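*Asks:* For the record, the sequence lines run as chains B and Y.
In terms of the numbering used here, the first sequence opens at residue 1 and continues consecutively.
In terms of the numbering used here, the second sequence opens at residue 1 and continues consecutively.
Hints were generated in silico from the structure; no laboratory data involved.
One or more hints might be untrue.
Said to hold, decoys possible - Covered stretches of chain Y, as calculated for chain B (at least 3 residues, CB under 8 angstroms): (1) 5-12; (2) 150-161.
Said to hold, decoys possible - Here are the simulated lysine-lysine pairs, BS3-like style, with alpha carbons at most 30 angstroms apart: (3) Y:K4 to B:K434; (4) B:K421 to Y:K3; (5) B:K434 to Y:K280; (6) Y:K3 to B:K190; (7) Y:K3 to B:K181; (8) Y:K176 to Y:K45; (9) Y:K176 to Y:K190; (10) B:K190 to B:K344; (11) Y:K103 to Y:K257; (12) B:K459 to Y:K141; (13) Y:K93 to Y:K45; (14) B:K190 to Y:K141; (15) Y:K93 to Y:K300; (16) B:K23 to Y:K3; (17) Y:K45 to Y:K100; (18) B:K190 to B:K141; (19) Y:K4 to B:K421; (20) B:K141 to B:K62; (21) B:K181 to Y:K4; (22) B:K441 to Y:K3; (23) Y:K141 to Y:K211; (24) B:K459 to Y:K103; (25) Y:K93 to Y:K4; (26) Y:K100 to B:K459; (27) B:K441 to B:K421; (28) Y:K151 to Y:K141; (29) Y:K203 to Y:K190; (30) Y:K280 to Y:K300; (31) Y:K203 to Y:K244; (32) Y:K151 to B:K459; (33) Y:K300 to Y:K100; (34) Y:K4 to B:K441.
These numbers were taken from a predicted model, which means no experiment stands behind them.
Beta carbons: idealized from backbone N, C-alpha and C, even for Gly.
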Amino acid sequence: MLFNSLIFILFLPCVFAAYWLLKGPWRNLFLLAASYYFYFSYNPWFLLLLVGTSGLDYYLAKLISNSENHKARKLFLVISLVSNIGVLFIFKYFIFFYNTGITLFNSQASLLNSLIIPAGLSFYTFQSISYTIDVYRNKYKADDTLTDFLLYVSFFPHMVAGPVVRYNSLMPQLKIVQHFKTINWEAFAKLTIWGFFKKMVIADNLSSIVTPVFNNVRDYSGSTLLLTGFLFVVQVYADFSGYSDIATGVAKLFGINLSLNWRRPLFSKSLHEFWTRNHISITTWFRDYLYIGLGGNRVSYNRWLLNIFLVFLISGLWHGANFTFVVWGALHGIVFIIETIIFKKFPNFKAPAFLGWVYLITFHTLSLIAFRALNMNDLEYIYLKIFTAFHPGLLMAELAQISNSFFLLLCGLFILILFLKEANEEYAMLNRFKGFESFYKPAFFILVVVSIFILGNFKANQFIYFQF
Amino acid sequence: MIKKGIIYTGLVIILAYALQWFMLAGLRHNAQGVYDKYNTLFLKKNSYNTLILGSSRAEMHTDVRLLDSLTGLNTFNAGVSGATTRMAYAVLKSYVVNSKIPKTIFLECDFHISHLSTDTIFNFPRYFPYLSNQVLYSEFKQIDPRFRQFKYNAFYGLPYMGIPCINPALNGWLGKSGKYDAFYTNGFFKNTVIDHYDHFNTKTYYGYISKETRQYLDSIILFCKTNSARLIFTMSPAYISAQKEVLNKQHIIEQYKNIAFINHLPLFNYSDDSGIIYNKHYFEDNYHMLYEGARIYTRKIATDFNNIPR
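This is chain B alone, in the form it adopts within the complex (with noise of 0.2 angstroms):
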C-alpha cells in the first residue's frame, strides 16, 4: 500500500476513525493490527519476517535488562545482531556476494538471480537493533508490553522508509493516552500537502526524464548526463523527504510526533554540513551504532579517519549490493576525509557560502551518478563523458529527444518551487513581513492542493527509498 495510493485513502480515513473511537488501551492494539495490515499488503509473507525478528528482539532485550551477567547480556545482544543483519545479508547481499565470488574465481557454477527485498527491512530492522543496543547499554530498561513494543517497530507511517526512530522518542508517546483535541490540524495538512506535490510533482515528473537517459546512457553526452544526475539529486530529495513528510504528517493524526529526518540539505556548504541535515534519522544512527561502536574519534587519528571511511563505505553498501553504491560511499567518504583535515588543520577556514554551495551540488550530483548508474560499466562511461566529452551545445537536441519543452520548462518551475520554499524556510525571507504571512501560507497551500491534481503523476510509482 503506497502513501500515494487509492487505497491508502480509504485505510487513512478508517483507521484514524476507528482509532478515536475506541477506548485508550485498544488503540495501541488496534494500530498494530493496522500496521500490519497495512504492510501485509506489500507481501503477505514478508509480514511474517516483520513479526518474527521484532518479537524475538523484544525476547532478547528483556533478557539482556534482566541478566546480571555480561557474558549472558553480550551473548543475547549477539544473537540479536546476528538475526537482524543476517536476514538484512539473505535478502540483501548474499546473491550478491555469490556472484561476486562465482565471477571473481572464475566458477562454473550459475549465478543467481536477486530475490525480492521485503520493503523497509533495513529501517524496521535496524530500529530493532537500536533498541536491543541502547537496552544493552543501559540506556533504558525493556519493554514490558510486546505489543506496545511490535507497534513501535511497525508503526505504518514510518515503518517502510523511515524515520527510524527511537524507542525513546517514540515509545513515551505511544504509552501516553492521547487526545483527540491534541491533533495538530495544520502541521498535519501542511505536512501531507507538500509531501505529496514533492514526491508526485517533483519526484515522479523528474523521474520521467532521468529514467531513460540513465537507461540509455550511451546515446547522450557528458552535459546531458551531468545535468540529469543533477534532476536525480532533486528527484531522490523530493521522493524521499516527501515520503518522510507524509509520515509526518500522518503520525500527527495518531498525535504522534516523528523526529525530524531532512533539514534543507540541498542548502549545505560543505560535506559536513550536509550529512548533518540529510537522512538524519539514518545518518545519526550510523553514527550511533557504527562509528561509535567502531570507536568513533576515540582511537589514534589514522584509525579515526579509517573509521570515518568504514561508515560511508558500509553506508553505501547498506544502500543495495551493488558495486556502484560502493563507489558512492567511498566518494563521501574520501572527500568527508579530506574536509575533516582541512578542518583540523584550518579551524578557522570559512568558504564564501556560494562556493561553498556549489562545491557542494557539484560533489552531490557527481556522486549521486554513482547511486543512480545501472552498473560499473554505465558507471565508468558516464564519468569519462563527462570529464571527456561535455560536449553543451548538444544538451538541448537530447534534452528534446527525452520529453517536449513545455514538460521540460514545467519541471523546471517545480526545481524551482522547490527551491523557493526552502530558501524562504533557510533564510526566513517571507516571514518577516507577518501580516502578509497569513495570507500568502494558506494561498500557496491551496495552489499547492489544486497543482497535484493537475501536475501530479498519479502512476502510483514507488518511492525510491522503499529498496533499501
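Following the hints, position chain Y against chain B.
*Replies:* Showing chain Y alone in chain B's frame:
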C-alpha cells in the same frame, strides 16, 4: 480551526473547478489538431456528405482531401485512435446530434481487433471537453462508468488530464498550434512519424468477430438503412508481417464479406494488397501506414467508389 478548514477546503474546490473549466474551455478553443477534430465531430454543426468511421487506421489511411478530389464527395474523417466498432458507433451517433446525417459512410473493419470488447475508451481524457454532447456522454458512460466522475468531479478528472492537456489548453486560449496540429486535415492525420524503434514485432493469435463487434456492426448497418445512408466496408492494408499475425485472418475476412453480402454492402478489401503490404516504407508499424501508403490506398478506394453503380 473548523471554520478555517471549511474555508480552505471551499477555496480548493472552487479553484479545482475553475481550473477544470479553464482547461476544458482551452481545449475546445483549439482551431487545429485533434481537439479541433473532436470539436467538429461532437459540438459543431457540419454538413459533410461523407464520413470515415473507424480506428486510427481509418484516421491515418483515408486522405479525405484526396478522396474528395477524386470522387466529388465532401468528407470528414471521424476515425479515432483505439476505436472498436462499438466506439465507432458511439462516434457516429454523437456526430449526428449536431450535424447532418451523411449520405455515405466508410467503415474501416479492423480484422485484427474484431475479437476485442470495449471495456474502456482509449485515450479517454481527450473526450472530456465534449461531454456536453449528451449522446457522447451517455454512450461513453455505458462503456466506462467513470465518465460520470469525469464529467462532474474535477478532482477525479484533473489527474487524468494532467500535464499532457495543459499545453494544448494554453494553445487553445492563446490561438497557437501544437507540434502535430498541422498534420490534421478534415480529421485525417497525415502520418509522417518515423522513429528509430522497430514497431514490426508480431505475436500470432487466432481472432474472431466478437458478439459485441457483431452487435455494433448491425447497429451501424441499421442506422444507415434507417437514415438512407450508403454504408461501405473498407479494409486497409496491413504490413506483410501482420498478415501472419492473425492465424485465421482469411476466415475473419470471409465473415465480414458474408455480412456485407447479406446486407448488400460493398466491401473494399485492401488488407493484403500486394502493391502495398510488402513495402516497409509505406508503414509506421504493422497496422499503420505512413502518408505515402495512405495516398495509394485512398486512390484505390476512390476508384472503387467511382465504380459502384449509383
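*Asks:* Each hint: holds or not?
*Replies:* Now the hints, each set against the structure:
1. With 4 residues carrying a beta carbon less than 8 angstroms from a beta carbon of chain B, the stretch 5-12 of chain Y meets the three-residue requirement, and the given coverage holds.
2. Counting residues of the stretch 150-161 of chain Y whose beta-carbon sits less than 8 angstroms from any beta-carbon of chain B gives 6, enough to reach three: the coverage restraint holds.
3. The hinted pair formed by K4 (chain Y) and K434 (chain B) meets the criterion: a straight-line CA distance of about 19 angstroms does not exceed 30 angstroms.
4. This hinted pair checks out: K421 (chain B) and K3 (chain Y) have alpha carbons roughly 26 angstroms apart, not beyond 30 angstroms.
5. Taken as a hint, the K434 (chain B) and K280 (chain Y) pair is broken in the structure, with Cα atoms around 68 angstroms apart against an allowance of 30 angstroms.
6. With a C-alpha separation of about 17 angstroms, the suggested pairing of K3 (chain Y) with K190 (chain B) holds against the 30 angstroms cut-off.
7. For a cut-off of 30 angstroms, the pair hint linking K3 (chain Y) to K181 (chain B) stands: about 16 angstroms separates their Cα positions.
8. Using a Cα cut-off of 30 angstroms, the hinted pair K176 (chain Y) and K45 (chain Y) holds, with the two alpha carbons roughly 23 angstroms apart.
9. Restraint check: the Cα-Cα separation between K176 (chain Y) and K190 (chain Y) comes to about 19 angstroms, which is no more than 30 angstroms; the hinted pair holds.
10. Distance hint between K190 (chain B) and K344 (chain B) is unfulfilled; the C-alpha atoms sit about 41 angstroms from each other, more than 30 angstroms.
11. Pair hint K103 (chain Y) plus K257 (chain Y) holds up; C-alpha atoms about 22 angstroms apart against a cutoff of 30 angstroms.
12. For a cut-off of 30 angstroms, the pair hint linking K459 (chain B) to K141 (chain Y) stands: about 23 angstroms separates their Cα positions.
13. About 14 angstroms separates the Cα atoms of K93 (chain Y) and K45 (chain Y), which keeps this hinted pair within 30 angstroms; it holds.
14. Simply put, K190 (chain B) and K141 (chain Y) have alpha-carbon atoms about 37 angstroms apart, too far for the 30 angstroms limit, and the pair is violated.
15. Restraint check for K93 (chain Y) and K300 (chain Y): satisfied, since their Cα atoms lie roughly 28 angstroms apart, inside the 30 angstroms limit.
16. The hinted pair formed by K23 (chain B) and K3 (chain Y) meets the criterion: a straight-line CA distance of about 28 angstroms does not exceed 30 angstroms.
17. Proximity of K45 (chain Y) to K100 (chain Y) is assessed by CA-CA distance (about 8 angstroms); at most 30 angstroms being required, the pair is judged to hold.
18. As the CA atoms of K190 (chain B) and K141 (chain B) are separated by approximately 36 angstroms, the hinted pair breaks the 30 angstroms bound.
19. A hinted pair counts as satisfied when its Cα atoms are at most 30 angstroms apart, and K4 (chain Y) with K421 (chain B) qualifies at roughly 23 angstroms.
20. With a CA separation close to 8 angstroms, the supplied pair K141 (chain B) and K62 (chain B) stays within the 30 angstroms bound.
21. The suggested pairing of K181 (chain B) with K4 (chain Y) holds, with an alpha-carbon distance near 16 angstroms, which does not exceed 30 angstroms.
22. Proximity of K441 (chain B) to K3 (chain Y) is assessed by CA-CA distance (about 17 angstroms); at most 30 angstroms being required, the pair is judged to hold.
23. The hinted pair formed by K141 (chain Y) and K211 (chain Y) meets the criterion: a straight-line CA distance of about 20 angstroms does not exceed 30 angstroms.
24. Between the alpha carbons of K459 (chain B) and K103 (chain Y) the distance comes to roughly 44 angstroms, so the proposed pair goes past 30 angstroms and is violated.
25. Straight-line distance between C-alpha atoms of K93 (chain Y) and K4 (chain Y) comes to about 48 angstroms, which puts the hinted pair past the 30 angstroms bound.
26. Only pairs whose Cα atoms come within 30 angstroms are accepted, and K100 (chain Y) paired with K459 (chain B) is rejected, the gap being roughly 41 angstroms.
27. A threshold of 30 angstroms between alpha carbons decides the hint, and for K441 (chain B) with K421 (chain B) the separation of about 11 angstroms falls inside it, so the pair holds.
28. This hinted pair checks out: K151 (chain Y) and K141 (chain Y) have alpha carbons roughly 10 angstroms apart, not beyond 30 angstroms.
29. Distance check on the hinted pair: K203 (chain Y) and K190 (chain Y) sit about 27 angstroms apart at the alpha-carbon level, within 30 angstroms; holds.
30. The hinted pair formed by K280 (chain Y) and K300 (chain Y) meets the criterion: a straight-line CA distance of about 19 angstroms does not exceed 30 angstroms.
31. A C-alpha spacing of about 9 angstroms is found between K203 (chain Y) and K244 (chain Y), which places the hinted pair at or below 30 angstroms, so the restraint holds.
32. Taking the CA atoms of K151 (chain Y) and K459 (chain B), the gap is near 21 angstroms; set against the 30 angstroms cutoff, the hint holds.
33. Taken as a hint, the K300 (chain Y) and K100 (chain Y) pair is honoured in the structure, with Cα atoms around 27 angstroms apart against an allowance of 30 angstroms.
34. A hinted pair counts as satisfied when its Cα atoms are at most 30 angstroms apart, and K4 (chain Y) with K441 (chain B) qualifies at roughly 13 angstroms.
Violation of the numbered hints given earlier is confined to hints 5, 10, 14, 18, 24, 25, 26; the remaining hints are satisfied by the structure.
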